[in-house]
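We have chain A already, so just place chain B on it with the hints.
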Amino acid sequence: MRQIRPQSKDHSANKFARLNVIGWSFCFVAALVVARLFYVQVIRHGYYEQLAATTHNKKFEIPARRGEILARDGNQTVPLVLNEKVYTIFADPKYITNDDFAAEKLSPIIDISESKLKKQLAADNSYLVLKKQVNSKDAKTIDKLNLKGVGSIENSRRTYPEGSLASHVLGFVNTEGKGQYGVEQALNKEIEGKAGQLNGATDVRGIPIATEDSIAEPAKDGDDLVLTIDRSIQTQAEFFLKKGVKDTNADSGSIIVMDPNNGDVRAMANYPTYNPAKYTSQKDVSIFKNNIITDAYEPGSVVKVFTMSAALDKGAVKPSTTYLDYSKRKIDGYTIRNTGPVVTKERTMTEVIARSANTGTIFALEQLGGGSINDKAKETLYGYFTDRFRFGEITGIQQTGESTGFVLKPAGAPDINYANMSFGQGVSMSMIQLTAALSSIANEGKYYQPNLVDELVSQDDKVTITEPHLVADNIIKPQTVTDIKKMMARVMVEGTGYIAARDGYDIYGKSGTAEVAKPEGGYYGDREIGSFFGFTSDKDPQYVIMVRVNNPKLSGDSVASSAAVPIFRDMNNWLIDYYGINPRK
Amino acid sequence: MGNTASYSSARNIRRSQNRIRFQSDGSYGPVTRTLLIVMLIGTLGLMYLTQITKTSAYGYQINGLEEKREELLDENESLRVETARLQSIERVRNSEYAQSLTDEGEVSFADR
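Residue numbers (this note's numbering), protein chains in the order written: chain A, 9 to 593; chain B, 1176 to 1287.
Check the hints yourself; a few may be wrong.
[Claimed, not checked] Some chain A residues near chain B, calculated using beta-carbon distances under 10 Å:
{"hint": "1", "residue": "ASN83"}
{"hint": "2", "residue": "LEU90"}
{"hint": "3", "residue": "GLN141"}
{"hint": "4", "residue": "SER144"}
{"hint": "5", "residue": "HIS477"}
[As the list claims (entries may be wrong)] So the derived list for chain B, only partly shown, Cβ under 10 Å to chain A, looks like this:
{"hint": "6", "residue": "GLY1204"}
{"hint": "7", "residue": "ARG1244"}
{"hint": "8", "residue": "GLU1246"}
{"hint": "9", "residue": "LEU1247"}
[Said to hold, decoys possible] Dumping the calculated DSSO-like pairs for lysine-lysine here, alpha-carbon to alpha-carbon at most 30 Å:
{"hint": "10", "chain 1": "A", "residue 1": "LYS67", "chain 2": "B", "residue 2": "LYS1243"}
{"hint": "11", "chain 1": "B", "residue 1": "LYS1243", "chain 2": "A", "residue 2": "LYS140"}
{"hint": "12", "chain 1": "A", "residue 1": "LYS485", "chain 2": "B", "residue 2": "LYS1243"}
{"hint": "13", "chain 1": "A", "residue 1": "LYS124", "chain 2": "A", "residue 2": "LYS113"}
{"hint": "14", "chain 1": "A", "residue 1": "LYS127", "chain 2": "B", "residue 2": "LYS1243"}
{"hint": "15", "chain 1": "A", "residue 1": "LYS336", "chain 2": "A", "residue 2": "LYS561"}
{"hint": "16", "chain 1": "B", "residue 1": "LYS1229", "chain 2": "A", "residue 2": "LYS127"}
Because the hints were derived from the structure by calculation, they are not lab data. Glycine residues also receive a C-beta, built at the ideal position from the N, C-alpha and C atoms.
Same shape as in the complex, but just chain A:
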């Protein structure tokens, strides 16, 4: 029979002692773990947090989308500048195991010969750019090839669906992402937006993973820009300008079409021009300048319109006022002549504008001074030029490098300088200044600031419309407008503008031929600038056109302005049809 012996007290005590040892050992180990955890997580918390952050957390810049630039086409908008993703394909030859295979696969996609690629891949480089500006379709094809050691970097570039259209208005974006020239530079702040930032945890491959600690500052995209430029008018303006410059073998030319009722520019072009998508291929950077804005020049006889307006407005002359024209005047020992045949004839002020008589505007200037070119005459003309027609200061149009031009102050100015000024020599003005000033005559005395931006559209579709900026009203009297328009209408009948006349239409214009001033003083004997500006319709004209042609090579005795008139005519006739302007009844 099995007997159960009660355990001795010693044996039982030993057993409990062993269990105690094991228990306390566990507790000790647990305490060590806790202590270590306390050290790591509490005492060294800051250190390890920073270490983890630098290892796993990365900062990602979220690039902002640069605003698009659009133009008007009737009631619609059409894109002139868009953004396009492009890729730089690179290789790290160290990781490419089979050069021949890689070259064979890449060659047809990036359009580089296989032999050239092999040579490149065999080089001892760690980073090799194979091709830039690769489109996303080709970049994805390369990605799918899964070639070890070959990768791509995403970039964004500006793309121009209309090619070189309005390039001088637009400007371009340089390799650093900054706008250069045109509205790209003038409104860079509004268009470029602000890059955002993502502080995200990443996995071992550097791919950001979603955690609650990710801090994202969203990118603020740039505003889209809707220009006042009308695509159709701009296209035609560029077409007629190019044709006119080529027909006359001129060096260059410019054209602007402005709405006189609000200062909006409908077309603005210079020739020669360039394609902003290929701006790096241009050797001469002067081609990027928008000469209509940046280039102040001696405009010649177009200024007679403003001199005569001042004299009419002051009541110093009337359209019927006459003077005896000897075809020349001697002032301060200098002889000033009219162009054309030498005659002695009594002329009205209307004829002065129609025939573009230099002696006639000198007469008008003298009448401002009560009969001579004195301080009063100079101060009055200066006042009209600068305070009324705003020559000598920038217009503030959304373009860079605008020129102020130059108007000689009256104090101490020699008479000869003011005599020259009266017919557009010895002063300098930009085409934008002249067009804005003529617009104020076309719209009966309102001077609007020239404007290129119709709307700014933010990323949240908030539209900021640019309201017309009326700088000054009633700059000349309504009667002055009526009189000067009648005079300008005569230019289209008996003056230089006759070839631009059109039956049934009231067209008002004025030409100007000016010598080109040398930087060191004096004039080039063989260089001339021809200009013509004008508008159509007696009531509420919808546009003002100004054309300039630099150094045309014309036959015979033709003056440079003869090169500008055909361009004006073509543009004006096209605009009459485009706007559907009815002939007078």
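Showing chain B alone in chain A's frame:
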């Protein structure tokens, strides 16, 4: 402490018969407690890890969806650029259709 054996009262003891009964006093020893704590911590840790893994997995899923979205947006942009190019005035002017059009000649307007 753990389970302990104890003798019942003397009057219940019969000859040659053990009257031993193991009786729990309702408390656990240090080893059990430690093991229980370790198990509890382990279970909680596992639960935590499961959740974190799930979050990360969702993160990848979101990442994948975002990539897909980006791809579609890119494609949309490319198509927009292509559309704009195809609708450009220069292209329309040089199109076969436009080439076949005749010049409008002189335009005259009827009275409105």
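Each hint, compared with the structure:
Taken as an interface hint, A/ASN83 does not check out: its beta carbon lies about 16 Å from the nearest beta carbon of chain B, beyond 10 Å. Look at A/LEU90: its Cβ gets to within about 5 Å of chain B, closer than 10 Å, so that hint holds up. Proximity of A/GLN141 to chain B is violated relative to the hint, the smallest CB-CB distance being about 14 Å (cut-off 10 Å). Of the supplied interface hints, the one on A/SER144 holds, with its beta-carbon coming within about 6 Å of a beta-carbon of chain B, less than 10 Å.
At a threshold of 10 Å, the smallest CB-CB gap from A/HIS477 to chain B is about 30 Å, leaving the interface hint violated. At a threshold of 10 Å, the smallest CB-CB gap from B/GLY1204 to chain A is about 7 Å, leaving the interface hint in force. Below 10 Å, beta-carbon pairs count as interface contacts, and B/ARG1244 has none with chain A, the closest being about 14 Å; its hint is therefore violated. The restraint placing B/GLU1246 at the interface with chain A holds, with a minimum CB-CB distance near 9 Å, inside the 10 Å limit.
Given hint, B/LEU1247 at the interface with chain A, is violated; its Cβ is 12 Å from that chain's nearest Cβ, farther than 10 Å. This hinted pair checks out: A/LYS67 and B/LYS1243 have alpha carbons roughly 22 Å apart, not beyond 30 Å. Restraint check for B/LYS1243 and A/LYS140: the C-alpha separation of about 24 Å stays at or below 30 Å, so the hint holds. Only pairs whose Cα atoms come within 30 Å are accepted, and A/LYS485 paired with B/LYS1243 is rejected, the gap being roughly 66 Å.
A threshold of 30 Å between alpha carbons decides the hint, and for A/LYS124 with A/LYS113 the separation of about 13 Å falls inside it, so the pair holds. In summary, the hint linking A/LYS127 to B/LYS1243 is not supported, as the alpha carbons are separated by about 36 Å, beyond the 30 Å threshold. Between the alpha carbons of A/LYS336 and A/LYS561 the distance comes to roughly 27 Å, so the proposed pair stays at or under 30 Å and holds. At most 30 Å may separate the alpha-carbon atoms for a hinted pair to count; B/LYS1229 and A/LYS127 exceed this at roughly 48 Å.
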